[in-house]
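Engineer: The residues making up each chain are set out below.
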Amino acid sequence: GESVTSSAASDLSKRLLAIDSLQGKFQQTLTADDGELLQESAGDFALNKQGQYRWETKEPFAQLLIGDRESLLLYDPDLEQLNRRKLSEAERQTPLFILSSQERALDENYDVEMIEKGFQLKPKDSSNSFSTMDLLFEANLPSEIIVLDSLGQKTHIRLIETQANQVLPPSMFSFEPPPGTDIVDEG
Amino acid sequence: CSNINQQSPPESASGTHHSLDSPEQRARLEQLAKQTNWRLRGKIGLRSPQKNGSGFIDWQQKNDQFRLQVSGPLGQGSTTITGNKQALQVQGANEQSAQDPNLQAERALGWPLPQQEMPYWVRGLAAPDTPHQAKWSDGLLQQLEQNGWHIEYQRYSRHRTPLPEKIKLRRDDIQITLVVKRWQ
Numbered sequence: 068g069e070s071v072t073s074s075a076a077s078d079l080s081k082r083l084l085a086i087d088s089l090q091g092k093f094q095q096t097l098t099a100d101d102g103e104l105l106q107e108s109a110g111d112f113a114l115n116k117q118g119q120y121r122w123e124t125k126e127p128f129a130q131l132l133i134g135d136r137e138s139l140l141l142y143d144p145d146l147e148q149l150n151r152r153k154l155s156e157a158e159r160q161t162p163l164f165i166l167s168s169q170e171r172a173l174d175e176n177y178d179v180e181m182i183e184k185g186f187q188l189k190p191k192d193s194s195n196s197f198s199t200m201d202l203l204f205e206a207n208l209p210s211e212i213i214v215l216d217s218l219g220q221k222t223h224i225r226l227i228e229t230q231a232n233q234v235l236p237p238s239m240f241s242f243e244p245p246p247g248t249d250i251v252d253e254g
Numbered sequence: 020c021s022n023i024n025q026q027s028p029p030e031s032a033s034g035t036h037h038s039l040d041s042p043e044q045r046a047r048l049e050q051l052a053k054q055t056n057w058r059l060r061g062k063i064g065l066r067s068p069q070k071n072g073s074g075f076i077d078w079q080q081k082n083d084q085f086r087l088q089v090s091g092p093l094g095q096g097s098t099t100i101t102g103n104k105q106a107l108q109v110q111g112a113n114e115q116s117a118q119d120p121n122l123q124a125e126r127a128l129g130w131p132l133p134q135q136e137m138p139y140w141v142r143g144l145a146a147p148d149t150p151h152q153a154k155w156s157d158g159l160l161q162q163l164e165q166n167g168w169h170i171e172y173q174r175y176s177r178h179r180t181p182l183p184e185k186i187k188l189r190r191d192d193i194q195i196t197l198v199v200k201r202w203q
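From first to last, the protein sequence lines stand for chains A and B. Mapped onto the working numbering, the consecutive letters of the first sequence carry residue numbers 68 to 254. Mapped onto the working numbering, the consecutive letters of the second sequence carry residue numbers 20 to 203.
Take these hints with a grain of salt, some might be off.
[To be verified] Straight-line alpha carbon distances no greater than 27 Å define the calculated BS3-like cross-link-like pairs of lysine-lysine that follow:
{"#": "1", "chain 1": "B", "residue 1": "LYS104", "chain 2": "A", "residue 2": "LYS153"}
{"#": "2", "chain 1": "B", "residue 1": "LYS187", "chain 2": "A", "residue 2": "LYS125"}
{"#": "3", "chain 1": "B", "residue 1": "LYS200", "chain 2": "A", "residue 2": "LYS92"}
{"#": "4", "chain 1": "B", "residue 1": "LYS185", "chain 2": "A", "residue 2": "LYS221"}
{"#": "5", "chain 1": "B", "residue 1": "LYS154", "chain 2": "B", "residue 2": "LYS70"}
[Said to hold, decoys possible] Here chain B is said to cover these stretches of chain A; the calculated rule only asks that three of the stretch's residues, wherever they fall, bring their Cβ under 8 Å from a Cβ of chain B:
{"#": "6", "region": "93 to 107"}
{"#": "7", "region": "137 to 145"}
{"#": "8", "region": "148 to 155"}
{"#": "9", "region": "173 to 180"}
If you're looking for bench data, these hints aren't it; they were derived computationally from the structure. Only a predicted model underlies this, so the values are computations on that prediction, with no experimental measurement involved. Beta carbons: idealized from backbone N, C-alpha and C, even for Gly.
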């Protein structure tokens, strides 16, 4: 029979599958286990059902990340450097990837439980990933993501001014670096 | 702190074209070398056979205690290295199990951290008491060769005491680009 977790996993998958696209702003904080604020950033994000995502950090400094289920492009205007490479295992465990890939195999890789306002994910194989990831929803849209890593470092992402199921232009998920950019393409 | 004449290039050092001439420039460097509490925040880019990437860097120095934090855009893979001239502790998502902390730091960062020299290099100074070759112009360090590293200072801030804003550090097949967005 279906155990409790798998019904939570299927409920989460259903919610994620209902989202064709999502875009908005993010505010992110990284705090140490003693609560000290390590890093703050803010910017714009977008993702779609094909598994493509855009994470454009604007504050405190600019950095653009565009990716899909296979690879990742990271452009840094200050460094004038662009890296394109395959997604590492650790990067497949980030909130952005989980939100955009609508992991059908959620319950294969994670134990999913219902919590207040959302779901808590615990990876079954915790070799190089987070300890817990809380995906919180508001009006059926993801609103907050809280990730605790094995050291107690907490990444807290707030998704604000989110709009769902808008048509996102393909240009949002592609990028042409300016001339003179140092390009490192590991394919 | 470093001895005074260490900061002005020895006349004999080859490769020194525009040596420090004005006393103000010497004084500025002496002042800078004495300062032991500072913080830099910005970007760090790495090109090496093991690892290519870029991320945010936050380096805080209090006397000879330092705390270096490097993190990727999604906060994942954030590594915190704390320590002083002797000891080093590495904490981070991609902490590598190794006894020797320097090796741990190198695995976590993807490049060998020249822990003694970096606090000087990032501020446009040669590390004290170690031979080096330097090229200066208008009182600012432009190029430095020290302990196997070749360092290029590509841009300085326009503060009263100019500090480096863009630095390229190279050793063998490792190239690091450091862009400082905020000095404190």
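Engineer: Report the numbers of all earlier hints that the structure fails to satisfy, in ascending order.
Structural biologist: Of the numbered hints given earlier, those the structure breaks are 1, 4, 5 and 9, listed in rising order.
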